[in-house]
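Chemist: In case you want the letters, here they are:
There are 2 protein chains.
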Amino acid sequence: MTAFEPTPRNKVRRLPSRAAYDDKTIYAIIDAAPLCHVGFVSDGQPFVIPTQHARVGSTLYFHGSPGSRLMRAIESGQALCVSFALLDGLVAARSIFHHSVNYRSAVVFGSGRKVEGEEQILAALRAFAEHVLPGRWDEARPPSPAELRATTVAALEIESASAKQRSGPPGDDPADLELPVWSGVIPLRTAAGPLESDSDQPVPPSVQALLKQQSA
Amino acid sequence: MTAFEPTPRNKVRRLPSRAAYDDKTIYAIIDAAPLCHVGFVSDGQPFVIPTQHARVGSTLYFHGSPGSRLMRAIESGQALCVSFALLDGLVAARSIFHHSVNYRSAVVFGSGRKVEGEEQILAALRAFAEHVLPGRWDEARPPSPAELRATTVAALEIESASAKQRSGPPGDDPADLELPVWSGVIPLRTAAGPLESDSDQPVPPSVQALLKQQSA
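So the protein sequences, as listed, match chains A and B.
If you're matching positions, the first sequence starts at 1 in this note's numbering and goes up one per residue.
If you're matching positions, the second sequence starts at 1 in this note's numbering and goes up one per residue.
Because the hints were derived from the structure by calculation, they are not lab data.
Just to be clear, a hint being listed does not mean it is correct.
Once the Cα atoms are required to be at most 25 Å apart in a straight line, the calculated DSS-like pairs of lysine-lysine come out as [claimed, not checked]:
#, chain 1, residue 1, chain 2, residue 2
1, A, K11, B, K24
2, A, K114, B, K11
3, A, K24, A, K11
4, B, K24, B, K11
5, B, K24, A, K212
Please work from the sequences and hints to get the whole structure.
Modeler: Here you go:
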């Protein structure tokens, strides 16, 4: 395990007890998040665009259409910030003030580059497919040369990052514990299915595994 | 229904058939999203911070600790961008190239301000509580004067916005339809429970309604 050094850019200032800077914690959140939100600056205006990602080591990959604003921003090499968040539960306290949510979040800083070369692009596309549906790459038809040319892949090297998370029960004030108000956590999770098949082929192992995992 | 005029700032450039600019579509996505990602610029560096929100009309509300970087950025009146995304399903095509996701997303532009006055702050706090757990406000102990002083509420007036969404089956190439590869949509949804009670009080209507809705 290594850690990203807390600097003014990535330091969590509020509730520092919820903060983490080690790559293991941060990468687990990135990998568990199906989507991320990429922030960049254009003419002084911030833009935040939701997109899919994949991580290989300390590199984040993004893909899109050539010429999209997001892909051009990543390829330009400018400073970026990428945000990830997973909502794990609603925390209902006896007081409105102590209502909260259980969550895992990560904020990542770095700058981007265009990924070039057929082999590197293929590796990134495999990472995208495997991120959301492990095993899918080997089940489906691989990209053709024309499809590869129609896809832009960009990468961001993670320079700095932090995680912030909350778990556990509500933090009610001792004076409120006798109030006749229910309190507790309402856990939230992602459930998958029922399938909407577009094919009479058997449901493949990748999809079966996801259904099994997400309905557990 | 009114619409936000497409301008260079909010115009969806890629796959414009997936774009919408009407407030009804955009507000429904904002209201369905439990979290958002707020982008701002500090010393030329973009920051994107995940947080909770509530919407009242064309106003977005945020809350946090006084002095947090996010709250200070919103209160400063600088240009902001807020991103919302809901993942509705994985779209598994016969080809890797046509793999996609079904989603609803919105990107909002505006500038922020501090919310002042006890009545206005209380109204915003009620909107936060009702956003994630409708009915909860009347079940729990309301904020005390000291708690109100410990909470900062900021608002953003939505000046410009766009939505982008995808739904429906995979868009396989006709030439791929005979491949022996399963294709279809794996719907994803948020499931709630089982409850982790921190109280021997009965489960209140707000929580019962959420469980009923999210397990359906």
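Chemist: All hints, please: hold or fail.
Modeler: Okay, the hints, checked on the actual structure:
1. For the hint pairing K11/A with K24/B, the CA-to-CA distance comes to about 38 Å; that exceeds 25 Å, so the pair is violated.
2. Proposed proximity of K114/A and K11/B is supported: the alpha carbons are some 24 Å apart, at most 25 Å.
3. Of the supplied pair hints, the one linking K24/A and K11/A holds, its CA atoms being roughly 17 Å apart against a limit of 25 Å.
4. Between K24/B and K11/B, the direct Cα distance comes to roughly 17 Å. Compliance with the 25 Å bound is thereby established for this hinted pair.
5. At roughly 36 Å between alpha-carbon atoms, K24/B and K212/A are farther apart than 25 Å, so this suggested pair is violated.
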